[in-house]
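Produce the complete structure using the sequences and hints provided.
Residue numbers 5 to 138, in this note's numbering, belong to the letters of the sequence shown in order.
Because the hints were derived from the structure by calculation, they are not lab data. Even for Gly, the Cβ is constructed at its ideal location relative to N, Cα and C. Among these hints, one or two may not hold up.
FRET-style restraints, in silico, Cβ to Cβ [said to hold, decoys possible]: (1) G129 - S65: 16 to 26 Å; (2) L133 - K55: 16 to 26 Å; (3) G56 - D100: 11 to 21 Å; (4) H109 - R131: 10 to 20 Å; (5) A99 - G129: 11 to 21 Å; (6) K55 - V106: 17 to 27 Å; (7) D48 - N98: 17 to 27 Å; (8) G56 - A99: 18 to 28 Å; (9) E52 - R131: 29 to 39 Å; (10) Y54 - H109: 25 to 35 Å.
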Amino acid sequence: MPELSRRRALTTAAALAATAAATTGTASAHSATATPSGSAGSADAFDEVYKGRRIQGRPSSGGGHHGGGHQGGGHHGGGFAVYVDGVELHVMRNADGSWISVISHYDPVPTPRAAARAAVDELQGARLLPFPTN
Numbered sequence: 005m006p007e008l009s010r011r012r013a014l015t016t017a018a019a020l021a022a023t024a025a026a027t028t029g030t031a032s033a034h035s036a037t038a039t040p041s042g043s044a045g046s047a048d049a050f051d052e053v054y055k056g057r058r059i060q061g062r063p064s065s066g067g068g069h070h071g072g073g074h075q076g077g078g079h080h081g082g083g084f085a086v087y088v089d090g091v092e093l094h095v096m097r098n099a100d101g102s103w104i105s106v107i108s109h110y111d112p113v114p115t116p117r118a119a120a121r122a123a124v125d126e127l128q129g130a131r132l133l134p135f136p137t138n
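Okay, here's the thing in structure tokens:
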């Protein structure tokens, strides 16, 4: 019988953790979608110079994964392409609405613009190299 009680305890703990994660994710998703245009949750087009680097971002038609038939821009970014000095910065939108890039993969930010700025900060003046797609 001890195994049955362990199993039941683990099942209950897993269910509670899943419920807590779902509640947190729903709250994060709600706050991301409930924000006004141009604020933390939106993915608006941008074109600016940040710390001497030109960063650009815009919605793109490509929203799939890297693979055969690579046709440009925004592949993991939910249809959003980001560029630093004309070189594509691959971005990805997380399930909670935050964004990460290939440069700052472990530091989620609220918008693609913030991902571009974080990449510029991380590059510290170095040139962004094109990301191989194959």
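Hints, one by one, checked against the model:
In this structure the supplied range 16 to 26 Å is violated for G129 paired with S65, their Cβ-Cβ distance being about 32 Å. For the pair L133 and K55, the beta carbons lie near 18 Å from each other, so the given range of 16 to 26 Å is met. Remark: the range hint 11 to 21 Å for G56 to D100 is contradicted by a beta-carbon distance near 32 Å. At about 19 Å, the CB distance of H109 to R131 agrees with the hint of 10 to 20 Å.
The hinted window of 11 to 21 Å between A99 and G129 is violated, with their beta carbons roughly 33 Å apart. About 19 Å separates the C-beta atoms of K55 and V106, a value consistent with the hinted range of 17 to 27 Å. Take D48 and N98: their Cβ atoms lie about 18 Å apart, and the range 17 to 27 Å holds. The hinted window of 18 to 28 Å between G56 and A99 is violated, with their beta carbons roughly 34 Å apart.
Between E52 and R131 the Cβ separation comes to about 19 Å, which falls outside the hinted range of 29 to 39 Å. At roughly 20 Å, the beta carbons of Y54 and H109 sit outside the given window of 25 to 35 Å.
Against the hints set out earlier in the document, violations occur for numbers 1, 3, 5, 8, 9 and 10.
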